[in-house]
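K.L.:
Required output: the full structure, derived from the provided sequences and hints.
First to last, the protein sequences are chains A and B.
Position 170 of the first sequence, counted from 1, bears residue number 171 in the working numbering, the numbering being contiguous throughout.
Position 15 of the second sequence, counted from 1, bears residue number 16 in the working numbering, the numbering being contiguous throughout.
If you are wondering where the hints come from, they were derived from the structure by calculation, not from laboratory data.
On a predicted model such as this, the values are computed, not experimentally measured, just so you know.
Hints may contain errors.
Since the list gives no way to pick one copy over another, a pair counts as held whenever it fits inside one copy or between any two copies.
[What the hints assert, rightly or not] As a list, the in silico DMTMM-like pairs of lysine to aspartate or glutamate whose alpha-carbon atoms are at most 25 Å apart:
1. LYS32 / GLU202
2. LYS32 / ASP378
3. LYS28 / GLU389
4. LYS153 / ASP167
5. LYS153 / ASP378
6. LYS32 / ASP293
7. LYS299 / GLU119
8. LYS28 / ASP167
2 protein chains.
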Amino acid sequence: MATNTRIDDARLWSALMSMAEIGATPKGGVKRLTLTDVDRAGRDRFRAWCEALGLSVRVDAIGNMFARREGRDPARPPVLMGSHLDSQPSGGKFDGALGVIAGLEVMRTLHEHAIQTEAPIELVNWTDEEGSRFGHSLMGSGTWAGIFPLEKTYGLRDADGVRVEDALDAIGYRGPEPARPFAADSYFELHIEQGPILEREARTIGIVTGAQAQIWYDAVITGQDAHAGTTPPSARRDALVSMARIVELVDRIMRARGDDGRGTVGFVQVGPNSRNVVPGEVRFSIEFRHPDFAEVQKMAAEMTAAADALAAPCRLELTELFRLDAQPFDPACIGLVRDAAQRLNLPAREIVSGAGHDAVYVARHIPTAMIFTPCKDGLSHNEAESIEPHEAAAGAQVLFEAVLARANRAL
Amino acid sequence: MATNTRIDDARLWSALMSMAEIGATPKGGVKRLTLTDVDRAGRDRFRAWCEALGLSVRVDAIGNMFARREGRDPARPPVLMGSHLDSQPSGGKFDGALGVIAGLEVMRTLHEHAIQTEAPIELVNWTDEEGSRFGHSLMGSGTWAGIFPLEKTYGLRDADGVRVEDALDAIGYRGPEPARPFAADSYFELHIEQGPILEREARTIGIVTGAQAQIWYDAVITGQDAHAGTTPPSARRDALVSMARIVELVDRIMRARGDDGRGTVGFVQVGPNSRNVVPGEVRFSIEFRHPDFAEVQKMAAEMTAAADALAAPCRLELTELFRLDAQPFDPACIGLVRDAAQRLNLPAREIVSGAGHDAVYVARHIPTAMIFTPCKDGLSHNEAESIEPHEAAAGAQVLFEAVLARANRAL
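P.N.:
If you want it as structure tokens, here you go:
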């Protein structure tokens, strides 16, 4: 099964930089918001690259793109690989794009060396992974996977009131294929880690064994707006002081789990937010993550048990947005990633994905694995996001070998 | 010196409601931002009311209005009274307006009863007490008192880039009088407490003995934006967690002073403020107040001594905006307020003003006192700001008696 075929490092990097021109920002990042004209330009360039290799490109009802290379055995279901081309508003060049462009490089290498695989291979660009425009991350893969009903997804609106369905039509990417799982052999996604672990341990490859369990909340603390100069301590109901205690609680609960736990307050809105008014209302987010669902449920239970008392004399209202079980990836697919890294002598480690990825939803229907590569300082969702060309190439080579092994496996 | 003359409660309330029509908001509050057309309408109505009583109205270079009623002795300097007619963007009907309209009722009562005072009496409407539009509270009284140079004040701009000088011209209220202290006998200001103390103790009158000392800071905590799902505790520099510790510190420092201390974080801005990003930057305000300047300096010193360590591993940058000494009011003027409340059998207590008021700057040049009346739930800077008609009348009656006593005192 092993091969000496190597992907073309320079061609990979050049395609990454070519895609990064579309929506390039002055600070070296990318703004390629989903279903905008900029996204269309990225999709068009991607489609042209695929068609130049003789791949046939299908588009489904939510805009997901599938570029197919036939295999020798027409009865076999395809091996999928891919990621997403949309970005955050102040995003980087590699979040998502690496997985799609590395998949393109896999296709180009197969084409260049005239390699025929047993199973077909399809390269996927999932619509709207980021959720920045319509407030719904993993929209394309989640709709495809049947988690979000298509009609509901179509009705989501951006800040200007534009509906998803109309945005798809506007850029010509509402396709005729149904957006639902089809018979597929497996799915492989290469992605930057978006965290510091691989870099810190000088590992080139993360063998992703699954995705963390998560519980997300919206929190509102209601106290009483009051004049900061005239309101004595005994008369205050300061929503910000109450929030501060809960922020520290979330942090303590996280730290009690060593390096496996995550607990974050990322969003805060203070009202009335005036320097001489005691804040009467604070709205904020709370999220917990852990590789083990039982443990993340314990974290959430610790928080909810303690939070009301900490918020007093203010009133705390917690709304649970969702709880997601951990999503383990497929052992056989994970094994192919591990084998490839080993064969290539790349320093690797197993890792649990802390972020959500299209692979997490795809894994509900199809055997799935992910490959992580390091990113500088663990930075992502940031224009300064940066990776090394040799690390991108190593990730793409592992993707190539895992996909090739899977497509040629004995049935 | 005592008099049985009573102000007209119904006329006072009716004038308050008439002024509240100008800039009325749907929720029952007032939006009468300084030097806008709405402010002009309020000023014009005020001027017309004054002129109908035969008062002569002067306007100075910063738009402060002085409505003069002559006394018997032309050699005597005038007794001043007043407050401000501008409001917060979502302000109430009484913050400022009560002091001006009660002063008008004093003038109307003197007029109605043909009372001649020894000294002249002048009713003042100070420009831009709130600071909501040009970011500079107590602008009119502070410029008049020589604390802010006129040319610098003229150059301040609102959010649309409009300069103070041009805004004054636009509403026709840049007057010919110099904006600087003139010979005056005293200044009395009636104002709602904007705090809960009088209401809680069921006192109708606050005998204000002075204003608190204050120290204000801007704070910036710099950590590192990072993905909330992928960044383990050991790699986090969460600016919000650091801020939370400082918010609690400020609260502890306040509470250690019993009910005399004030310590508030009222303004918070989190960056990037996204629910799945560990916050890399938080900007916030810190302010301390206390009746005793030495004590407020200790509070600030405690905070600055402890804050850096609490912010670690993030970096804290503190900018002191100003430190204001406590401003004691004039014992003789305070005595007149106390006497009036006593004579009228009104439940009263001494109180230190926690808020800034025009009286604080006027007091630097002229013997000054203030009268507080309760407001419902201590609420102010809020459209729900509310007072009882009989409390407004009690405050106006005390103002009437104190001003009359001062204007007729033996020299």
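K.L.:
Hints first: check each against the structure and report whether it holds.
P.N.:
Here is how each hint holds up against the structure:
Taking the closest pair of Cα atoms, LYS32 and GLU202 never come within 25 Å of each other, the shortest separation being 31 Å inside a single copy and 59 Å across copies. Taking the closest pair of Cα atoms, LYS32 and ASP378 come within 25 Å of each other only inside a single copy of the chain (21 Å); across copies the shortest separation is 48 Å, beyond that limit. In this homomeric assembly, LYS28 and GLU389 come within 25 Å of each other (Cα to Cα) only inside a single copy, at 18 Å, whereas the closest approach across copies is 58 Å. For the identical chains of this complex, LYS153 and ASP167 are intra-copy neighbours only, at 13 Å inside a copy versus 52 Å across copies, given an alpha-carbon limit of 25 Å.
Taking identical chains as interchangeable, the C-alpha atoms of LYS153 and ASP378 are never at most 25 Å apart, the minima being 38 Å within one chain and 45 Å between chains. In this assembly of identical chains, LYS32 and ASP293 lie within 25 Å of each other by CA distance neither inside one copy nor across copies; the values are 34 Å within and 54 Å between. In this assembly of identical chains, the alpha carbons of LYS299 and GLU119 never lie at most 25 Å apart, being 46 Å within a copy and 78 Å across copies at closest. In this homomeric assembly, LYS28 and ASP167 never come within 25 Å of each other (Cα to Cα): the closest approach is 31 Å inside a single copy and 38 Å across copies.
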